[in-house]
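J.: Chains as they are written, first to last, in full-length UniProt numbering: chain A, 1 to 238; chain B, 1 to 238.
Certain hints may be false.
Output of the computed footprint for chain B on chain A, the stretches with three or more beta carbons under 8 angstroms from beta carbons of chain B [to be verified]: (1) 49 to 56; (2) 109 to 120; (3) 160 to 168; (4) 225 to 236.
If you are wondering where the hints come from, they were derived from the structure by calculation, not from laboratory data.
Every residue, glycine too, gets a C-beta built ideally from N, C-alpha and C.
Now for the letters of each chain:
Protein chains: 2
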Amino acid sequence: MNMKNTNILYQHGTLALLVPGLLTGTLKMKNLLSHGDTGIGTGEGLDGELIILNGIAYQADSFGKVNPISSEFTVPFANIHYADYKKLTTIANASPADLAKAALQGKPNSNNFFSVLVKGTFSYMKTRAVAKSERPFSTLAETAKNQSVFETKNVAGTLLSYYSPSLFHGAAVAGYHSHFLASDHSIGGHVLDFKIDQGTLSLQQFDTLEQHLPIDNEEFNAHDFSKDDIANTISQAE
Amino acid sequence: MNMKNTNILYQHGTLALLVPGLLTGTLKMKNLLSHGDTGIGTGEGLDGELIILNGIAYQADSFGKVNPISSEFTVPFANIHYADYKKLTTIANASPADLAKAALQGKPNSNNFFSVLVKGTFSYMKTRAVAKSERPFSTLAETAKNQSVFETKNVAGTLLSYYSPSLFHGAAVAGYHSHFLASDHSIGGHVLDFKIDQGTLSLQQFDTLEQHLPIDNEEFNAHDFSKDDIANTISQAE
C-alpha cells in the first residue's frame, strides 16, 4: 500500500509482545519486504538477529554465522523502511556516545523516529545473537539468556540504528536499537558496543510509525499484558 | 498513499503532545481527510470536539453549536480511518459498560486497535466540548478546565468510539475514546456518559496504527516530554 514512502517506519509486532514470550513468527519475510528494503528484526523463537540491507535479509545466528533468509521465514518483530538516507558527515574514532552526538548534526529529534546508518570500518565491534528457542516459549528475559556474544577488531561493515522516542518505549525500545553486518559476513548481530574507525554517517528522518499488529495470532489476542514488566524487561534485554 | 486500506487507523499527533500544551494545529483538515472518512479530533488550541462521518467533518464547540469545518482548519490531534464496519447486533437500554460488553461479541481484542459505531437513539447523552484557547497555550489540564458540559434526553445520533490498547496509552488514551453527533446537530462532542435506547452496534478491527508526528513543528521538536505526567494527565482529561 505504501509505495516507497520514505517517511514511514514500518514495524511488525511490538517489543512488548516478546516480553511474555509471544515469540511466534507472525509475518513472512516476503511480506515484510513489501514495506521496505532496510531493517532489523528477529526470527520465530528469537531465532537470531536480522538485518536487511538493499532489500536482502540476513540472519546473524548464535553460532556466529551469517545466513541468507528465505521468503517464508517468519518474524515476531521487525522494523523496515525504504532507505533514503542523507549523508551528514564523515566520522572517525567514535564511540556510541560520539555517534549519537554526531547524529544530532542532522537535527533529528528525540520526539521523532529516525534511522542512523554508518558504513565504514570499525576498530571494535561487540554483538550478540540470541539462540532460537522452541515451544513452549519462555519469557524474553529467559530466552535472551541463551545468547552468544561476539567481539572483533578492525572490521568493515554497516551499522543500522533506529531511534524511537520514549513515548513509544514498549512498542519499541526508547533510544537507539542497532544491528550490524560485516561486509565479509564474518560477524553480525545486535550491537552491544563498538568503536568506529572511519565511516560515513547518514540519517533518515521519519514522520510516521506504521505499527502493524498480529491480530490473527490467538496467543497475542488472549494475552493479558497488564502483568508484564514491559518497560524494564525491554530496557534490560535490548 | 494508503488507498482506502480499511485495516489502518491513522493518527495525527499524540495525546502526549497536548499534555504540556503543544496545541498548534499541525495538519490541515483536507490532508487529514486524505487518510479516511470517519474520525475524531480537536482543533488548534483545543478548538472544540471534532467528528468526521461519511467524509464530512463537524466541530462541536463550547457554545453548544455544531459547525462545519473548512479544509484549511488545522488539528493538533486526530484519528481517522476508512469506514468498513461489520454490524454486530442491535443494542437496547445500554450503558457504556453494556456497550463495551456487547462489543466483545465481535471478538475485538484489548491488545489491538478497533472502532465501535452505534447509530440509534439515546435516552441520555452527556458530552463536553473544550473552548478554544489562545497563545500562549497552557497545559492540557488547564486548557481543558475551560469546557462546557451538555446533557440531553432522547436524541438520535451516532456514537463513534476508538479503542486503543494500554501499551499505547500516551500516544492515544487506553480504552475507549468516544465522540457523538446528533442527527439534527442539536448536540455533539466528547462523550462523558450515555444510555442507548435502541441502536445498531458495528465494529471495525484494525491491524495497523499509522502514527503520524508533526516533525516540522519546532515547539514539538524542542519539547522535553520527560517532565510531563503524560499517563495520568491523559487519563484525567480524556
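J.: Confirm or reject the coverage of the segment 160 to 168 of chain A by chain B under the rule of 3 or more residues with a beta carbon closer than 8 angstroms to the chain's beta carbons.
T.: holds (count 4)
J.: When I compare C-beta atoms, does the segment 109 to 120 of chain A have three or more residues closer than 8 angstroms to chain B?
T.: Three-residue rule met by the segment 109 to 120 of chain A, so holds; n is 4.
J.: Are there three or more residues in the segment 49 to 56 of chain A whose C-beta lies closer than 8 angstroms to some C-beta of chain B?
T.: Check failed, 0 qualifying residues.
J.: When I compare C-beta atoms, does the segment 225 to 236 of chain A have three or more residues closer than 8 angstroms to chain B?
T.: holds (count 3)
Checked against the numbered hints listed earlier, the structure breaks hint 1 alone; every other hint is satisfied.
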